[in-house]
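Enquirer: Sequence:
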Amino acid sequence: LRPLKTKTAAEVSYNLIDIFCIFGAPSILQSDNGREFVNCVIDELTVMWPQLKIVHGKPRHSQSQGSVERANRDVEEMIRAWMIDNDSTQWSEGLRFCQYQKNNSFHSGIKQSPFEALFGRKAKLGLASSALPLSVIESLNTEEDVEEVTGSVINETLVQTEESDQIEEEDLQTTEEILFYEESDKSDLIEQLETQTTEEILLNEGTDKIDQIEESEVQTTEETSILNDVHLNIKKNQQIAVMGLEQQAKRMKSQSDSKYPPLECGTTVTIPVPDVDRSKSDLRNLIGVVMEVTSDNFYKIGTKNGVISQLYSRNQIAPCNTTFLEIGEVPPASISLRAANSQASVVGGQGFVRCACTKKCLNKRCVCRKKKFCATLGATSHNSLNCTNK
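Numbering (the numbering used here), first residue to last: 693 to 1082.
What the hints contain is simulated information worked out from the structure, not anything from laboratory work. Be careful, since some hints might not be right.
Using 20 Å as the maximum straight-line C-alpha spacing, the simulated DMTMM-like pairs for lysine to aspartate or glutamate come out as follows [stated by the list, open to error]:
id	residue 1	residue 2
1	745	710
2	745	735
3	794	761
Between beta-carbon pairs, the in silico distance windows are [said to hold, decoys possible]:
id	residue 1	residue 2	range
4	778	945	41 to 47 Å
5	825	924	29 to 35 Å
6	811	784	23 to 29 Å
7	793	924	24 to 30 Å
Glycine is no exception: its CB is placed at the ideal position from the N, C-alpha and C atoms.
Take these sequences, add in the hints, and give me the full structure.
Expert: This is how it looks when you write it as structure tokens:
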């Protein structure tokens, strides 16, 4: 999370490069903003980092935009809570703490926190994440204090371990002696002790050198084992995350299939028109008909002004109980959703149309004369006060 002073593509790109240089760059840049803004950001990234290759996500893609919007909403709520808890209006100071909390929160999709999925372990808060009591941690100030406390804890643990081992050895020795005296004579015991003493004398001569070599080998083996454990944990957590996302996708797919049954060709449907593609006086939905169903269960929709250039998933369209449009009534020309809505609109769709003529709009090159904008919108659609198309 980064606080921004402006929403310009240059500032966004500068902060993105700062993040990419730490964790690496993704292949797809997804945003809840429009495609034009994302393209500007990618262009700025390419200028700053020529070796970087990244593409933008699908425009108005409900699944990816929904995840981005949910993450933004969570961050807003966390910042609000931080400002209340700390009685502060400096929301930019709380971003780093909200980022830490967000990355360490359990994610139901990957079955773990994002930090665990990336690093293979839980995040630490210094000594607060250790096994030391909180009362002891509060009294620690220097490294010497930490070494003293940990040393005392280790010594207590060793003493307890030695005492328990000694008790176990005494019990075992007593049991062995009882069994041994029941089955052997005293002479056999003396011979065994003499033989054991002789073997120990011969072996102790080279024990010191062997112990030194073994200690260095054990230390190297322990370091290698720790690194291997870290890599194994990272790989294991990544596999768990992948399996969790796959299960989540299957669960969502089954819910979607039960909620949105498949449609046949010729079914009349309504297509929701985004706010950015329609004016305030336009209808929220556009009437269309299913022209084709692809092998991936995507739908090609036709309108009375042409065939929509993009494909739709089942949850993006809604069937109608009545047939309003037949397949034969659809022109073969390809058209965008914005253009189809503009042609069906009474006021010309989204945006403002103005005439650039400075005279009476008598020339046929005048756009408002061709489309009769002046007659429908009045004098506010052009700069000329002497328009003859009113």
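Enquirer: Would you mind marking each hint as holding or not holding in the structure?
Expert: Hints and how they fare:
With a CA separation close to 16 Å, the supplied pair residue 745 and residue 710 stays within the 20 Å bound. The suggested pairing of residue 745 with residue 735 holds, with an alpha-carbon distance near 10 Å, which does not exceed 20 Å. A threshold of 20 Å between alpha carbons decides the hint, and for residue 794 with residue 761 the separation of about 15 Å falls inside it, so the pair holds. Between residue 778 and residue 945, the C-beta spacing of about 43 Å keeps the proposed range 41 to 47 Å intact.
At about 31 Å, the beta-carbon gap between residue 825 and residue 924 stays in the expected band of 29 to 35 Å. For residue 811 and residue 784, the hinted distance range of 23 to 29 Å is satisfied, since their beta carbons lie about 26 Å from each other. Remark: the range hint 24 to 30 Å for residue 793 to residue 924 is upheld by a beta-carbon distance near 27 Å.
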